[in-house]
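Throw the hints in and build the complete structure from the sequences for me.
Its first residue numbered 34, the sequence shown is counted upward by one per residue in the working numbering.
Simulated from the structure, these hints should not be mistaken for lab results.
As the structure is a computational prediction, the values presented were derived from the model and not from experiment.
For each residue, glycine too, the CB sits at the ideal point set by N, CA and C.
Among these hints, one or two may not hold up.
[As the list claims (entries may be wrong)] DEER-style ranges, computed between Cβ atoms:
1. H243 x P41: 18 to 26 Å
2. A42 x G340: 47 to 55 Å
3. L345 x T219: 14 to 22 Å
4. D136 x S263: 22 to 30 Å
5. R171 x A462: 18 to 26 Å
[Said to hold, decoys possible] Here are the computed lysine to aspartate or glutamate pairs in the DMTMM-like style, where the Cα-Cα straight-line distance is at most 20 Å:
6. K126 x D62
7. K126 x D172
8. K126 x E223
9. K126 x E164
10. K126 x D81
11. K126 x E61
12. K126 x D60
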Amino acid sequence: MTDRLDLPAGFRWGAATAAYQIEGAVDEDGRGPSVWDVFCARPGAVRDGHSGAVACDHYHRYAEDVELMRGLGLDGYRFSIAWSRIQPAGAGKVNEAGLAFYDRLVDALLGAGITPLPTLFHWDLPQALEEGGGWLDRDTAYRFAEYAALVADRLGDRVPAWITLNEPFVHTVFGYALGIHAPGRTLMFEALPAAHHQLLAHGLAASVLHERGLEVLLSNNLTLVEPASSDPADLAAATAYDALHNRLFTDPVLLGRYPDLSALGVPEDIFGAVHPGDLDLIRTPGLDGLGLNFYNPTRVAAPTDPGLPFTLVDIPDVPHTAFGWPVVPDALRRLLLNLRDVYGNTLPPITITENGCSVTEDTDPDQPRIDYLATHLDALARAVAEGVDVRGYYTWSLLDNFEWAEGLFSQRFGLVHVDFATQVRTPRASYAWYRDLIAGQRACRGR
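Here you go:
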(Lines of atoms letter the chains of each structure in order from A and count residues from 1; the text may use other names and numbers.)
(Lines give C-alpha, C1' and ligand atoms only; values in the text may rest on other atoms or scores of the structure.)
Protein backbone atom coordinates (compact mmCIF):
# COMPACT_ATOMS: atom_id res chain seq x y z
CA MET A 1 0.00 0.00 0.00
CA THR A 2 2.82 2.45 0.78
CA ASP A 3 5.66 1.17 -1.38
CA ARG A 4 5.06 3.84 -4.04
CA LEU A 5 4.20 7.00 -2.13
CA ASP A 6 4.33 10.12 -4.28
CA LEU A 7 6.60 12.30 -2.15
CA PRO A 8 8.98 15.09 -3.20
CA ALA A 9 12.56 14.52 -4.25
CA GLY A 10 14.84 14.74 -1.25
CA PHE A 11 12.13 13.63 1.19
CA ARG A 12 13.92 12.50 4.35
CA TRP A 13 13.15 9.28 6.20
CA GLY A 14 14.06 9.12 9.86
CA ALA A 15 13.36 7.88 13.36
CA ALA A 16 13.29 9.75 16.65
CA THR A 17 14.18 9.32 20.32
CA ALA A 18 14.78 11.54 23.37
CA ALA A 19 17.65 11.71 25.83
CA TYR A 20 15.96 10.88 29.14
CA GLN A 21 13.93 8.12 27.53
CA ILE A 22 16.90 6.13 26.20
CA GLU A 23 20.31 7.30 27.45
CA GLY A 24 20.49 6.10 31.05
CA ALA A 25 23.85 6.83 32.72
CA VAL A 26 22.23 9.57 34.78
CA ASP A 27 25.08 9.71 37.31
CA GLU A 28 28.00 9.34 34.90
CA ASP A 29 30.58 11.72 33.45
CA GLY A 30 29.43 14.80 35.31
CA ARG A 31 25.77 14.87 34.29
CA GLY A 32 23.67 16.91 36.70
CA PRO A 33 20.16 15.93 37.87
CA SER A 34 17.18 16.90 35.74
CA VAL A 35 13.58 17.44 36.76
CA TRP A 36 12.82 13.91 35.60
CA ASP A 37 15.38 12.36 37.93
CA VAL A 38 13.70 14.14 40.83
CA PHE A 39 10.15 13.44 39.65
CA CYS A 40 10.82 9.72 39.21
CA ALA A 41 12.01 9.53 42.83
CA ARG A 42 8.62 10.82 44.03
CA PRO A 43 6.53 7.89 45.30
CA GLY A 44 3.67 7.12 42.95
CA ALA A 45 4.75 9.57 40.25
CA VAL A 46 5.72 6.92 37.68
CA ARG A 47 4.13 3.54 37.03
CA ASP A 48 5.86 0.77 39.03
CA GLY A 49 8.42 3.23 40.38
CA HIS A 50 10.41 3.15 37.14
CA SER A 51 12.86 5.82 35.99
CA GLY A 52 15.19 6.61 33.13
CA ALA A 53 18.26 5.85 35.23
CA VAL A 54 19.20 3.02 32.85
CA ALA A 55 16.42 3.02 30.25
CA CYS A 56 17.97 1.65 27.00
CA ASP A 57 21.55 2.31 28.15
CA HIS A 58 22.04 4.20 24.89
CA TYR A 59 24.85 6.21 26.47
CA HIS A 60 27.00 3.07 26.35
CA ARG A 61 25.29 1.30 23.44
CA TYR A 62 24.90 4.15 20.95
CA ALA A 63 27.15 2.44 18.40
CA GLU A 64 24.84 -0.60 18.34
CA ASP A 65 21.85 1.69 17.95
CA VAL A 66 23.47 3.57 15.06
CA GLU A 67 23.97 0.23 13.33
CA LEU A 68 20.25 -0.43 13.72
CA MET A 69 19.60 2.92 12.04
CA ARG A 70 22.03 2.06 9.25
CA GLY A 71 20.12 -1.20 8.77
CA LEU A 72 16.91 0.77 8.30
CA GLY A 73 18.53 2.96 5.67
CA LEU A 74 17.59 6.16 7.50
CA ASP A 75 18.39 9.58 6.06
CA GLY A 76 18.13 11.25 9.44
CA TYR A 77 17.98 10.61 13.17
CA ARG A 78 16.25 12.94 15.58
CA PHE A 79 17.57 12.80 19.14
CA SER A 80 17.67 15.21 22.04
CA ILE A 81 20.57 16.60 23.99
CA ALA A 82 20.41 16.41 27.77
CA TRP A 83 20.98 19.98 28.97
CA SER A 84 22.27 18.77 32.34
CA ARG A 85 25.00 16.75 30.58
CA ILE A 86 26.27 20.00 29.04
CA GLN A 87 25.71 22.31 32.01
CA PRO A 88 25.00 20.27 35.16
CA ALA A 89 23.49 23.30 36.89
CA GLY A 90 21.81 24.68 33.78
CA ALA A 91 24.23 27.61 33.59
CA GLY A 92 27.87 28.41 33.96
CA LYS A 93 30.50 25.70 33.79
CA VAL A 94 30.49 23.43 30.75
CA ASN A 95 30.85 19.69 31.22
CA GLU A 96 33.34 18.54 28.59
CA ALA A 97 32.47 14.88 29.02
CA GLY A 98 28.86 15.60 28.14
CA LEU A 99 29.78 17.44 24.97
CA ALA A 100 32.17 14.64 24.08
CA PHE A 101 29.36 12.08 24.16
CA TYR A 102 27.34 14.00 21.57
CA ASP A 103 30.52 14.49 19.54
CA ARG A 104 30.89 10.73 19.36
CA LEU A 105 27.23 10.19 18.53
CA VAL A 106 27.25 12.79 15.75
CA ASP A 107 30.40 11.34 14.22
CA ALA A 108 28.97 7.82 14.35
CA LEU A 109 25.79 8.97 12.62
CA LEU A 110 27.67 10.77 9.89
CA GLY A 111 29.87 7.73 9.42
CA ALA A 112 26.70 5.72 8.79
CA GLY A 113 25.42 8.26 6.26
CA ILE A 114 22.74 9.56 8.64
CA THR A 115 22.14 13.28 9.19
CA PRO A 116 21.78 14.23 12.88
CA LEU A 117 18.75 16.33 13.84
CA PRO A 118 19.21 17.33 17.50
CA THR A 119 16.53 18.73 19.78
CA LEU A 120 17.89 21.07 22.43
CA PHE A 121 15.06 20.59 24.94
CA HIS A 122 12.89 17.51 25.34
CA TRP A 123 11.44 18.15 28.83
CA ASP A 124 14.53 17.36 30.97
CA LEU A 125 15.26 20.77 32.49
CA PRO A 126 18.26 20.83 34.84
CA GLN A 127 16.91 20.54 38.37
CA ALA A 128 18.97 23.52 39.50
CA LEU A 129 16.99 25.76 37.14
CA GLU A 130 13.69 24.29 38.31
CA GLU A 131 14.62 25.18 41.87
CA GLY A 132 15.00 28.77 40.68
CA GLY A 133 11.51 28.74 39.14
CA GLY A 134 11.98 26.61 36.04
CA TRP A 135 10.03 27.72 33.01
CA LEU A 136 7.92 29.98 35.22
CA ASP A 137 11.05 32.13 35.57
CA ARG A 138 11.85 34.37 32.61
CA ASP A 139 15.57 33.99 33.22
CA THR A 140 15.41 30.33 32.15
CA ALA A 141 14.83 31.47 28.56
CA TYR A 142 18.13 33.38 28.59
CA ARG A 143 19.98 30.46 30.13
CA PHE A 144 18.57 28.29 27.32
CA ALA A 145 20.01 30.60 24.68
CA GLU A 146 23.44 30.39 26.33
CA TYR A 147 23.21 26.60 26.37
CA ALA A 148 22.18 26.58 22.70
CA ALA A 149 25.25 28.61 21.80
CA LEU A 150 27.56 26.21 23.66
CA VAL A 151 26.21 23.15 21.88
CA ALA A 152 26.02 24.80 18.47
CA ASP A 153 29.63 25.98 18.74
CA ARG A 154 30.70 22.40 19.40
CA LEU A 155 28.53 20.51 16.91
CA GLY A 156 27.38 23.10 14.37
CA ASP A 157 30.21 22.33 11.96
CA ARG A 158 28.59 18.93 11.35
CA VAL A 159 24.93 19.49 12.20
CA PRO A 160 23.09 21.80 9.79
CA ALA A 161 19.59 21.92 11.34
CA TRP A 162 18.38 22.09 14.94
CA ILE A 163 15.08 21.77 16.80
CA THR A 164 14.84 24.16 19.74
CA LEU A 165 11.96 22.71 21.77
CA ASN A 166 9.87 19.57 21.76
CA GLU A 167 6.14 19.88 22.44
CA PRO A 168 5.93 22.95 24.67
CA PHE A 169 2.18 22.34 24.96
CA VAL A 170 2.66 18.92 26.56
CA HIS A 171 5.44 20.11 28.84
CA THR A 172 3.38 23.10 29.99
CA VAL A 173 0.12 21.22 30.56
CA PHE A 174 1.41 17.88 31.86
CA GLY A 175 4.37 19.30 33.78
CA TYR A 176 3.12 22.63 35.14
CA ALA A 177 -0.70 22.59 34.92
CA LEU A 178 -1.72 19.00 35.75
CA GLY A 179 1.38 17.64 37.51
CA ILE A 180 1.42 14.25 35.76
CA HIS A 181 4.88 14.87 34.28
CA ALA A 182 7.98 16.48 35.74
CA PRO A 183 8.29 18.88 37.45
CA GLY A 184 4.88 17.90 38.84
CA ARG A 185 3.28 21.30 39.43
CA THR A 186 -0.51 21.68 39.47
CA LEU A 187 -1.13 25.31 38.50
CA MET A 188 -3.87 24.83 35.88
CA PHE A 189 -4.09 27.94 33.67
CA GLU A 190 -1.64 29.82 35.86
CA ALA A 191 0.97 27.53 34.29
CA LEU A 192 0.78 29.48 31.02
CA PRO A 193 3.79 31.72 31.77
CA ALA A 194 5.79 28.50 31.32
CA ALA A 195 4.47 28.34 27.76
CA HIS A 196 5.48 31.92 27.04
CA HIS A 197 8.94 31.51 28.50
CA GLN A 198 9.54 28.38 26.41
CA LEU A 199 8.53 30.30 23.28
CA LEU A 200 10.78 33.17 24.32
CA ALA A 201 13.59 30.64 24.75
CA HIS A 202 12.89 29.37 21.25
CA GLY A 203 13.16 32.88 19.82
CA LEU A 204 16.39 33.68 21.66
CA ALA A 205 17.96 30.35 20.70
CA ALA A 206 16.82 30.73 17.07
CA SER A 207 18.77 33.98 16.88
CA VAL A 208 21.85 32.25 18.30
CA LEU A 209 21.56 29.41 15.78
CA HIS A 210 20.88 31.66 12.81
CA GLU A 211 23.91 33.77 13.68
CA ARG A 212 25.95 30.60 13.19
CA GLY A 213 24.38 29.84 9.81
CA LEU A 214 22.24 26.97 11.12
CA GLU A 215 18.63 26.11 10.31
CA VAL A 216 15.98 26.20 13.04
CA LEU A 217 12.83 24.17 13.62
CA LEU A 218 10.32 24.02 16.47
CA SER A 219 8.47 20.75 17.10
CA ASN A 220 4.89 21.11 18.28
CA ASN A 221 2.47 18.38 19.23
CA LEU A 222 -0.55 19.43 17.16
CA THR A 223 -3.95 17.81 16.96
CA LEU A 224 -6.93 18.12 14.67
CA VAL A 225 -9.62 19.56 16.95
CA GLU A 226 -13.20 18.76 16.04
CA PRO A 227 -16.44 19.59 17.88
CA ALA A 228 -18.55 16.71 19.14
CA SER A 229 -21.58 18.19 17.33
CA SER A 230 -22.79 21.31 15.55
CA ASP A 231 -24.24 22.65 18.80
CA PRO A 232 -22.91 26.20 19.37
CA ALA A 233 -21.65 25.20 22.83
CA ASP A 234 -19.58 22.38 21.35
CA LEU A 235 -18.27 24.66 18.61
CA ALA A 236 -17.18 27.26 21.17
CA ALA A 237 -15.50 24.59 23.28
CA ALA A 238 -13.57 23.30 20.26
CA THR A 239 -12.39 26.81 19.42
CA ALA A 240 -11.17 27.31 22.99
CA TYR A 241 -9.31 24.01 23.00
CA ASP A 242 -7.73 24.66 19.60
CA ALA A 243 -6.43 27.98 20.90
CA LEU A 244 -4.83 26.27 23.90
CA HIS A 245 -3.41 23.15 22.27
CA ASN A 246 -2.45 24.41 18.82
CA ARG A 247 -2.56 28.13 18.22
CA LEU A 248 -0.94 29.14 21.50
CA PHE A 249 2.28 27.57 20.17
CA THR A 250 2.03 28.37 16.45
CA ASP A 251 0.50 31.85 16.23
CA PRO A 252 3.35 33.59 18.11
CA VAL A 253 6.13 32.09 15.96
CA LEU A 254 4.29 32.42 12.64
CA LEU A 255 2.07 35.48 13.13
CA GLY A 256 3.75 37.36 15.98
CA ARG A 257 0.72 37.32 18.25
CA TYR A 258 -1.13 35.07 20.67
CA PRO A 259 -4.60 33.76 19.83
CA ASP A 260 -7.64 34.95 21.74
CA LEU A 261 -7.41 33.20 25.11
CA SER A 262 -10.32 34.99 26.75
CA ALA A 263 -12.45 31.82 26.77
CA LEU A 264 -9.79 30.31 29.04
CA GLY A 265 -9.96 33.27 31.40
CA VAL A 266 -6.40 34.23 30.47
CA PRO A 267 -5.43 37.90 30.00
CA GLU A 268 -3.62 39.07 26.86
CA ASP A 269 -0.32 39.39 28.70
CA ILE A 270 -0.63 35.79 30.02
CA PHE A 271 -0.53 36.77 33.68
CA GLY A 272 2.13 39.42 33.12
CA ALA A 273 4.63 37.10 31.43
CA VAL A 274 4.57 38.88 28.06
CA HIS A 275 6.91 41.88 28.06
CA PRO A 276 7.10 44.56 25.36
CA GLY A 277 9.11 43.24 22.43
CA ASP A 278 8.77 39.56 23.39
CA LEU A 279 6.61 38.61 20.43
CA ASP A 280 9.11 40.25 18.08
CA LEU A 281 11.84 38.11 19.65
CA ILE A 282 9.71 35.01 19.25
CA ARG A 283 8.81 35.67 15.62
CA THR A 284 11.64 37.78 14.18
CA PRO A 285 14.24 35.01 13.75
CA GLY A 286 11.74 33.02 11.71
CA LEU A 287 11.47 29.28 11.27
CA ASP A 288 13.24 27.29 8.59
CA GLY A 289 10.82 24.46 9.23
CA LEU A 290 7.92 23.49 11.47
CA GLY A 291 8.22 20.16 13.22
CA LEU A 292 4.87 18.43 13.57
CA ASN A 293 4.37 15.65 16.10
CA PHE A 294 1.08 13.93 15.38
CA TYR A 295 -0.58 10.97 17.08
CA ASN A 296 -4.36 11.47 17.09
CA PRO A 297 -7.20 13.95 16.64
CA THR A 298 -9.20 15.38 19.56
CA ARG A 299 -12.98 15.58 19.88
CA VAL A 300 -14.28 18.38 22.11
CA ALA A 301 -17.65 19.02 23.72
CA ALA A 302 -19.15 21.73 25.90
CA PRO A 303 -17.72 21.91 29.42
CA THR A 304 -18.89 19.68 32.22
CA ASP A 305 -16.23 20.82 34.71
CA PRO A 306 -16.76 24.41 35.91
CA GLY A 307 -12.98 24.94 35.90
CA LEU A 308 -12.57 24.24 32.17
CA PRO A 309 -14.20 25.73 29.05
CA PHE A 310 -14.21 22.37 27.23
CA THR A 311 -14.55 18.62 27.72
CA LEU A 312 -12.48 16.07 25.81
CA VAL A 313 -14.56 13.11 24.65
CA ASP A 314 -13.66 9.84 22.99
CA ILE A 315 -13.98 9.21 19.28
CA PRO A 316 -16.13 6.07 18.94
CA ASP A 317 -16.02 3.35 16.32
CA VAL A 318 -12.32 3.68 15.48
CA PRO A 319 -9.33 1.58 16.57
CA HIS A 320 -7.35 2.72 19.60
CA THR A 321 -3.68 2.29 20.46
CA ALA A 322 -2.46 0.70 23.70
CA PHE A 323 -2.39 4.24 25.08
CA GLY A 324 -6.11 4.53 24.32
CA TRP A 325 -5.50 7.10 21.58
CA PRO A 326 -7.94 6.99 18.64
CA VAL A 327 -6.45 6.00 15.29
CA VAL A 328 -7.81 8.31 12.57
CA PRO A 329 -5.15 8.59 9.85
CA ASP A 330 -7.05 11.06 7.68
CA ALA A 331 -6.91 13.49 10.61
CA LEU A 332 -3.24 14.01 9.74
CA ARG A 333 -4.14 15.01 6.19
CA ARG A 334 -6.83 17.39 7.38
CA LEU A 335 -4.54 18.90 10.01
CA LEU A 336 -1.86 19.57 7.38
CA LEU A 337 -4.43 21.22 5.12
CA ASN A 338 -5.69 23.33 8.03
CA LEU A 339 -2.16 24.56 8.76
CA ARG A 340 -1.74 25.55 5.12
CA ASP A 341 -5.09 27.34 5.04
CA VAL A 342 -4.69 29.15 8.37
CA TYR A 343 -1.08 30.29 8.00
CA GLY A 344 -0.72 30.68 4.24
CA ASN A 345 2.67 31.93 3.12
CA THR A 346 3.86 32.31 6.73
CA LEU A 347 3.89 28.51 7.08
CA PRO A 348 7.41 27.13 6.56
CA PRO A 349 8.11 23.64 5.19
CA ILE A 350 6.85 20.93 7.53
CA THR A 351 8.70 17.89 8.82
CA ILE A 352 6.79 15.17 10.66
CA THR A 353 9.13 14.88 13.64
CA GLU A 354 7.08 12.25 15.52
CA ASN A 355 4.39 9.79 14.51
CA GLY A 356 3.93 6.31 15.85
CA CYS A 357 1.89 3.78 17.74
CA SER A 358 2.20 2.11 21.14
CA VAL A 359 1.30 -1.57 21.34
CA THR A 360 1.29 -4.12 24.11
CA GLU A 361 4.47 -6.15 24.57
CA ASP A 362 2.88 -9.40 23.43
CA THR A 363 1.50 -8.03 20.15
CA ASP A 364 2.66 -10.31 17.33
CA PRO A 365 3.39 -9.94 14.44
CA ASP A 366 3.38 -6.22 15.16
CA GLN A 367 0.59 -5.62 12.68
CA PRO A 368 -1.17 -2.77 14.52
CA ARG A 369 2.00 -0.67 14.36
CA ILE A 370 2.56 -1.43 10.69
CA ASP A 371 -1.05 -0.55 9.90
CA TYR A 372 -0.78 2.70 11.87
CA LEU A 373 2.39 3.80 10.10
CA ALA A 374 1.18 2.75 6.65
CA THR A 375 -2.16 4.54 6.88
CA HIS A 376 -0.64 7.72 8.30
CA LEU A 377 1.98 7.82 5.56
CA ASP A 378 -0.78 7.43 2.99
CA ALA A 379 -2.57 10.39 4.61
CA LEU A 380 0.63 12.41 4.53
CA ALA A 381 1.14 11.65 0.83
CA ARG A 382 -2.43 12.78 0.08
CA ALA A 383 -1.77 16.09 1.84
CA VAL A 384 1.39 16.55 -0.24
CA ALA A 385 -0.65 15.86 -3.37
CA GLU A 386 -3.00 18.63 -2.25
CA GLY A 387 -0.18 21.12 -2.02
CA VAL A 388 1.23 20.93 1.52
CA ASP A 389 5.02 21.24 1.66
CA VAL A 390 6.20 18.28 3.78
CA ARG A 391 9.94 17.52 3.64
CA GLY A 392 10.43 14.50 5.91
CA TYR A 393 9.01 11.88 8.26
CA TYR A 394 10.58 10.69 11.54
CA THR A 395 8.72 7.83 13.17
CA TRP A 396 8.45 7.53 16.93
CA SER A 397 10.33 5.59 17.97
CA LEU A 398 13.48 3.74 17.01
CA LEU A 399 13.53 1.87 20.34
CA ASP A 400 11.16 0.91 23.10
CA ASN A 401 12.00 3.36 25.86
CA PHE A 402 11.12 4.93 29.19
CA GLU A 403 7.66 6.27 28.40
CA TRP A 404 7.56 9.07 31.00
CA ALA A 405 4.88 8.56 33.67
CA GLU A 406 3.95 5.20 32.11
CA GLY A 407 7.35 3.72 32.95
CA LEU A 408 9.25 1.09 30.99
CA PHE A 409 6.88 -1.72 30.05
CA SER A 410 3.30 -0.59 29.49
CA GLN A 411 3.70 1.51 26.33
CA ARG A 412 6.08 0.29 23.63
CA PHE A 413 6.54 2.48 20.56
CA GLY A 414 9.76 0.99 19.18
CA LEU A 415 10.50 -0.46 15.78
CA VAL A 416 13.03 -2.34 17.89
CA HIS A 417 12.01 -4.31 20.98
CA VAL A 418 14.23 -3.70 24.02
CA ASP A 419 14.52 -6.23 26.82
CA PHE A 420 15.20 -3.82 29.67
CA ALA A 421 16.69 -6.57 31.86
CA THR A 422 19.32 -7.64 29.34
CA GLN A 423 19.37 -4.64 26.96
CA VAL A 424 19.04 -7.02 24.02
CA ARG A 425 17.62 -5.25 20.97
CA THR A 426 15.36 -7.26 18.65
CA PRO A 427 14.01 -5.63 15.48
CA ARG A 428 10.27 -6.10 15.11
CA ALA A 429 8.27 -6.78 11.95
CA SER A 430 7.66 -3.02 11.72
CA TYR A 431 11.43 -2.48 11.51
CA ALA A 432 11.59 -4.70 8.42
CA TRP A 433 8.48 -3.04 6.99
CA TYR A 434 9.93 0.47 7.42
CA ARG A 435 13.29 -0.64 6.00
CA ASP A 436 11.62 -2.07 2.92
CA LEU A 437 9.41 1.00 2.51
CA ILE A 438 12.45 3.31 2.53
CA ALA A 439 14.29 1.09 0.08
CA GLY A 440 11.25 0.97 -2.19
CA GLN A 441 10.89 4.75 -2.16
CA ARG A 442 14.52 5.13 -3.18
CA ALA A 443 14.14 2.58 -5.96
CA CYS A 444 11.12 4.46 -7.31
CA ARG A 445 13.21 7.63 -7.49
CA GLY A 446 16.05 5.81 -9.18
CA ARG A 447 18.56 6.40 -6.43
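Do the hints match the structure? See the list:
At about 25 Å, the CB distance of H243 to P41 agrees with the hint of 18 to 26 Å. Against the hinted window of 47 to 55 Å, the Cβ-Cβ separation of A42 and G340 comes to about 50 Å, which satisfies the hint. About 18 Å separates the C-beta atoms of L345 and T219, a value consistent with the hinted range of 14 to 22 Å. Against the hinted window of 22 to 30 Å, the Cβ-Cβ separation of D136 and S263 comes to about 56 Å, which falls outside the hint.
Remark: the range hint 18 to 26 Å for R171 to A462 is contradicted by a beta-carbon distance near 48 Å. For the hint linking K126 to D62, the alpha-carbon distance of about 14 Å falls within 20 Å, and the restraint holds. The straight-line distance between the Cα atoms of K126 and D172 is roughly 17 Å, inside the 20 Å bound, and the hint therefore holds. About 32 Å separates the Cα atoms of K126 and E223, which puts this hinted pair outside 20 Å; it is violated.
Between K126 and E164 the alpha-carbon distance is near 18 Å, which keeps this suggested pair within the 20 Å criterion. Proposed proximity of K126 and D81 is contradicted: the alpha carbons are some 35 Å apart, above 20 Å. Between K126 and E61 the alpha-carbon distance is near 17 Å, which keeps this suggested pair within the 20 Å criterion. The hinted pair formed by K126 and D60 meets the criterion: a straight-line CA distance of about 17 Å does not exceed 20 Å.
The structure does not agree with the numbered hints 4, 5, 8 and 10 stated previously, though it agrees with the rest.
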